[in-house]
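Protein chains: 2
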Amino acid sequence: MTDYRAPIDEMRFVLSEVAGLGRVAALEPYAEATPELVEAVLEQAGRLAAEEIAPLNHPGDRTGSVFENGVVRTPEGFQRAYRHYVEGGWNALPFEPDWGGQGLPWALAIAVSEMWNSANMAFALCPLLTMGAVELLQAHGSAGQKSLYLSRLVSGEWTGTMNLTEPQAGSDVGALKTRAVPAGDGTYRITGQKIFITYGEHDLAENIVHMVLARTPDAPAGTKGISLFIVPKFLPDAEGRPGRRNDLRCASIEHKIGIKASPTCVMAYGDDGGATGFLVGQENRGMEYMFTMMNNARLAVGVQGVAIAERAYQQARDYARQRVQGRALGSRDPAPVAIIGHPDVRRTLLLMKSQTEAARALAYYTVASLDLAKAHPDPGEREHHRTDVVELLTPVVKSWCTDLGVEIASMGVQVHGGMGFIEETGAGQHYRDARINPIYEGTNGIQALDLVGRKIARLEGAPARAFAEEVRGFLRNGSDAGDDLPAIREAVGEGLAAFEAATDWLLESWARNPVEAATGASAYLRALGTLAGGWLLGRGAEAAARRLAEGDGGVGFLKAKIATARFYADAVLPQVGANAATAMRAADSTLALDEAWL
Amino acid sequence: MTDYRAPIDEMRFVLSEVAGLGRVAALEPYAEATPELVEAVLEQAGRLAAEEIAPLNHPGDRTGSVFENGVVRTPEGFQRAYRHYVEGGWNALPFEPDWGGQGLPWALAIAVSEMWNSANMAFALCPLLTMGAVELLQAHGSAGQKSLYLSRLVSGEWTGTMNLTEPQAGSDVGALKTRAVPAGDGTYRITGQKIFITYGEHDLAENIVHMVLARTPDAPAGTKGISLFIVPKFLPDAEGRPGRRNDLRCASIEHKIGIKASPTCVMAYGDDGGATGFLVGQENRGMEYMFTMMNNARLAVGVQGVAIAERAYQQARDYARQRVQGRALGSRDPAPVAIIGHPDVRRTLLLMKSQTEAARALAYYTVASLDLAKAHPDPGEREHHRTDVVELLTPVVKSWCTDLGVEIASMGVQVHGGMGFIEETGAGQHYRDARINPIYEGTNGIQALDLVGRKIARLEGAPARAFAEEVRGFLRNGSDAGDDLPAIREAVGEGLAAFEAATDWLLESWARNPVEAATGASAYLRALGTLAGGWLLGRGAEAAARRLAEGDGGVGFLKAKIATARFYADAVLPQVGANAATAMRAADSTLALDEAWL
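If you read the sequences in order, they're chains A and B. Each residue of the first sequence is one higher than the one before, starting from 1 at the first, in this note's numbering. Each residue of the second sequence is one higher than the one before, starting from 1001 at the first, in this note's numbering.
One or more of the hints may lead you astray.
As the list claims (entries may be wrong) - Using 20 Å as the maximum straight-line C-alpha spacing, the simulated SDA-like pairs for lysine to any residue come out as follows:
1) B/K1177 - A/S331
2) A/K559 - B/V1337
3) A/K224 - B/R1327
4) B/K1559 - A/W597
5) A/K177 - B/V1337
6) B/K1559 - A/V337
7) B/K1224 - A/A328
8) B/K1374 - B/G1022
9) B/K1224 - A/Q325
10) B/K1559 - A/T187
11) A/K177 - B/F1278
12) B/K1374 - B/Q1102
13) B/K1177 - A/V337
14) B/K1224 - A/F291
15) A/K374 - A/V266
16) A/K559 - B/W1597
17) A/K177 - B/V1324
18) A/K177 - B/G1326
19) A/K146 - A/A221
20) A/K224 - B/D1333
21) B/K1177 - A/F557
22) A/K146 - A/D203
23) B/K1224 - B/K1146
24) B/K1146 - B/Q1282
25) B/K1559 - A/D588
26) B/K1224 - A/P97
27) B/K1224 - A/G330
28) B/K1224 - A/G326
29) A/K559 - B/L1591
30) B/K1177 - B/P1167
31) B/K1224 - A/D271
Hints were generated in silico from the structure; no laboratory data involved.
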């Protein structure tokens, strides 16, 4: 176990030079987000994450959350840390000021969220789910619902959950069976069982606001017959304080591979006749409402991938610095050296570092466009950021960043050698924790289908072409730093050509037969993510070269940004062509084998 | 949790059509290995693995081995299963008949070993370590040592361990400090601490024979001063039965990510003045002796990678067949279908299946050459199989197959969706168990360095050229089956060109600066493994096409072999070029970044 240190220089650099936080802060609603404020926010969040939340990660994994007699106890220290998190106002960062939010850009909030997740992903999940409830109510709640729930959820005083999944309804939400029957007084009686409810029960807050999908008696089948309800653990009393206990309970919690401190609950609604639920918006529009929340949640999960990669990287690098083993290759000196000096360990650390930075760049870049799509005065710009960036790249951030999280955590174990396989080191926890990210909030396979179906084929490739134009803009730029930027541009250019060929194939094959196109979806997504990461690292390198030429400070850091981008171009970008080729070549052979012979 | 079923048809096919077991059985020492006997061995081993050993895998993971008061208790059922394993003569399969072995080919033994490891890797580790002790004593033990220990180890009545690692001496074995002082009576007093000793203490056998590396008082520094000792838990009495307890003990066992049923022990030697050890061979030649065992152990660990991939694949496939979720893409029928019908799940299963079969093909092919290298009457053939196949490919089997084991186990979790993250499913156990394989028996990074340093550069590329010639032979063959074999040949040919370019680069850069070449070692190894797997699947497809043309039975199976090879060619072989490019391009940028900025 080693300490976590928030990579504040890196975050600031990515926000300003890659994500373009300056453009966001230039918009009227975000005028407060000055460089000084950004600095202060990152510093203070980094302190709380490093000093209080991170030290709870490993012990929390050992004990896990515990379920006894219907009560869930989170690990020691979680209550105190959550209190400090709420008291610091951290939960309110990106929300609307009307309800106590600070109204700061999502781009900044996501950097702060990365810190909580690096520090302790199991802890950070609780606010992540609350965020979903806030977004739902901000967008679709009635005035009364907002005044009762929003300020308490924004502050974090109460927490929120998302109740979608049932045993027969996972990826296919439309198959859910939980029932909501009008009680005659405007409320509904909710009965049914929900599974995989993150922080469905816990001891961190005095009330838990469950957002529950259910069907009214005459609802149509499938996703068109789903309604959304607020089902609080304690019904608010006249003063809005937690009053009568609602008819819902946690039936059990899961025994999971990772994020063990985070209780994953089976929730039973209506054992005694029906939990009281309050309809959000109109009946049968629940799925539509849920999607307003889901896209942001997918970005947040993508950032969890970045976060766990960062933590695994820091730990592996620190171990490699202190672990002395073996002499230097090609040296006559028999004295053993720190393993960070061995070429293969260095290569592994650079793969970890460069891909973590590429994933972070893509995530922050996409989230900054979320702010621009929301607040830009020009409708055309809003539309561009929404369609060509946020919608196109959300499934990529979710899948590519979380697949990388798993792969980088696995490399982190490997750098530790035998010690990596021993739980006390902590490297294994990241490997176990990271594995949930490609699964929840829409499996990565579903993200890939969303990308090729809704974001590419449905729009006849327009967002992919807009993306390619952005990349070509980078290729046309003339500035360079030695031979690094030209080499990066060449590798990005190779990748772009492969990506464009794959896009053409995709459009054509989708028109012919969507099943065929879908076989290549995951490889296509991987190609896009890898290319986008290389391009954004390249833009970072360009900015670093410019700042170096201008005699800006932080020479070591700026040179490292260029060197890391160059490594990624050399070592990682060749995968774009391979993934594009796989997507284009393997459709027939994916479908050829008789299912009985799988 | 699902059942394990030994893939006997596949194993027989790979043994006969890819590994060339016929050539091995044609050799005089292996005349017994008739097709009938091979069939019977696979059938019977498959039964024991599936019916008795596999069902212990998941419960064994839950309880783990338990350490209390110096005693290790293995999970319930392990004792009985191990007794049946010994009584069935399974431990003796590949060993010399002089000591009770059955003298069957290693190629057959490795298929059987795959079954034990698929069934229960934590259980199978105990015989795997015993095998190492047998090989050491067969090759280097005195007549007296052989008569005292060998027959009991060959039968499995006693088990063996390998004691190399110490806290400061992991990959760098030469740094070990355990001392061996002559006692004056021909024995030695052993004192020191060893860590990571697999099955160092347990309750499966009446005696444990520790093979311990230690230094005599005047030994030179480093690996040249290491001697090998037999240090039995109980000193054999006059009748060769376990007598006096030796001065050694298990001090603790590790709390690991996976293979929890397998006790990983800290061993303390000589707390009461010194454990009695018996020198094997001569002083200071311990490392040399250890290497006779280590190469086979590396192949065995590679097969563990195949085994866990097979188990994860079977489980994911069976789950995908029974899990019903979502409608078929592009269909108007709203009825939900089994997820095996969804294109991305199919793709994932095919990646699992085709890469598992490719890895198996490479492992069996390499091990068959081990038999040929040992028993072929022609010295030139022996030398060819030893140098161009076994030595070249051993690090590839170890690394590539175990990296695939991790990746395929990870895909297996993903196919399960949310259920994959819940321990009761069992998918997560494979993900956790698989993670040790790239680490132990020489980390995969060390294997890659062994490949490029000793097997390529030192021999000026000769084995790589011989390998390329074999592949070219396949490319020149004319037989085909529709357009599959031509397409496979084209993809293998592309991969071969990239591999040969990378080999040229490697030889040149090693001559210039080994550190530079070493940065590309892992990517080069991955390229070689991926290519070799595609080539051997292609040979299998060729054989399947021939047998189909001859009207041989098993049409469905043979067609599946061709379809699987074709999928691999389309979906996986493009990676060869990417990995070769990475190896060639990234040397400078791997070394460029100042270490302080990692």
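Now for the hints, and whether the structure bears them out:
1. A C-alpha spacing of about 23 Å is found between B/K1177 and A/S331, which places the hinted pair above 20 Å, so the restraint is violated.
2. For a cut-off of 20 Å, the pair hint linking A/K559 to B/V1337 is broken: about 53 Å separates their Cα positions.
3. Between the alpha carbons of A/K224 and B/R1327 the distance comes to roughly 15 Å, so the proposed pair stays at or under 20 Å and holds.
4. Straight-line distance between C-alpha atoms of B/K1559 and A/W597 comes to about 9 Å, which keeps the hinted pair within the 20 Å bound.
5. A distance of roughly 18 Å separates the Cα atoms of A/K177 and B/V1337; the hinted pair therefore holds under the 20 Å criterion.
6. Restraint check for B/K1559 and A/V337: not satisfied, since their Cα atoms lie roughly 53 Å apart, outside the 20 Å limit.
7. Taken as a hint, the B/K1224 and A/A328 pair is honoured in the structure, with Cα atoms around 18 Å apart against an allowance of 20 Å.
8. A distance of roughly 15 Å separates the Cα atoms of B/K1374 and B/G1022; the hinted pair therefore holds under the 20 Å criterion.
9. Restraint check for B/K1224 and A/Q325: satisfied, since their Cα atoms lie roughly 17 Å apart, inside the 20 Å limit.
10. Annotation: proposed proximity of B/K1559 to A/T187 is violated, straight-line Cα distance about 60 Å (limit 20 Å).
11. At most 20 Å may separate the alpha-carbon atoms for a hinted pair to count; A/K177 and B/F1278 exceed this at roughly 70 Å.
12. Of the supplied pair hints, the one linking B/K1374 and B/Q1102 holds, its CA atoms being roughly 16 Å apart against a limit of 20 Å.
13. With a C-alpha separation of about 18 Å, the suggested pairing of B/K1177 with A/V337 holds against the 20 Å cut-off.
14. With a CA separation close to 66 Å, the supplied pair B/K1224 and A/F291 exceeds the 20 Å bound.
15. Straight-line distance between C-alpha atoms of A/K374 and A/V266 comes to about 36 Å, which puts the hinted pair past the 20 Å bound.
16. Annotation: proposed proximity of A/K559 to B/W1597 holds, straight-line Cα distance about 9 Å (limit 20 Å).
17. About 15 Å separates the Cα atoms of A/K177 and B/V1324, which keeps this hinted pair within 20 Å; it holds.
18. Taking the CA atoms of A/K177 and B/G1326, the gap is near 15 Å; set against the 20 Å cutoff, the hint holds.
19. About 30 Å separates the Cα atoms of A/K146 and A/A221, which puts this hinted pair outside 20 Å; it is violated.
20. Restraint check for A/K224 and B/D1333: the C-alpha separation of about 16 Å stays at or below 20 Å, so the hint holds.
21. Of the pairs offered as hints, the one joining B/K1177 and A/F557 is violated, with about 42 Å between alpha carbons and a cut-off of 20 Å exceeded.
22. Our distance criterion of 20 Å between C-alpha atoms is broken by A/K146 and A/D203, whose separation comes to about 24 Å.
23. In summary, the hint linking B/K1224 to B/K1146 is not supported, as the alpha carbons are separated by about 25 Å, beyond the 20 Å threshold.
24. A threshold of 20 Å between alpha carbons decides the hint, and for B/K1146 with B/Q1282 the separation of about 16 Å falls inside it, so the pair holds.
25. For a cut-off of 20 Å, the pair hint linking B/K1559 to A/D588 stands: about 15 Å separates their Cα positions.
26. Pair hint B/K1224 plus A/P97 does not hold up; C-alpha atoms about 72 Å apart against a cutoff of 20 Å.
27. Taking the CA atoms of B/K1224 and A/G330, the gap is about 19 Å. The hint holds against a cut of 20 Å.
28. Taking the CA atoms of B/K1224 and A/G326, the gap is about 15 Å. The hint holds against a cut of 20 Å.
29. Simply put, A/K559 and B/L1591 have alpha-carbon atoms about 14 Å apart, close enough for the 20 Å limit, and the pair holds.
30. For the proposed pair B/K1177 and B/P1167, the alpha carbon gap of about 10 Å is at most 20 Å, so the pair holds.
31. For the hint pairing B/K1224 with A/D271, the CA-to-CA distance comes to about 73 Å; that exceeds 20 Å, so the pair is violated.
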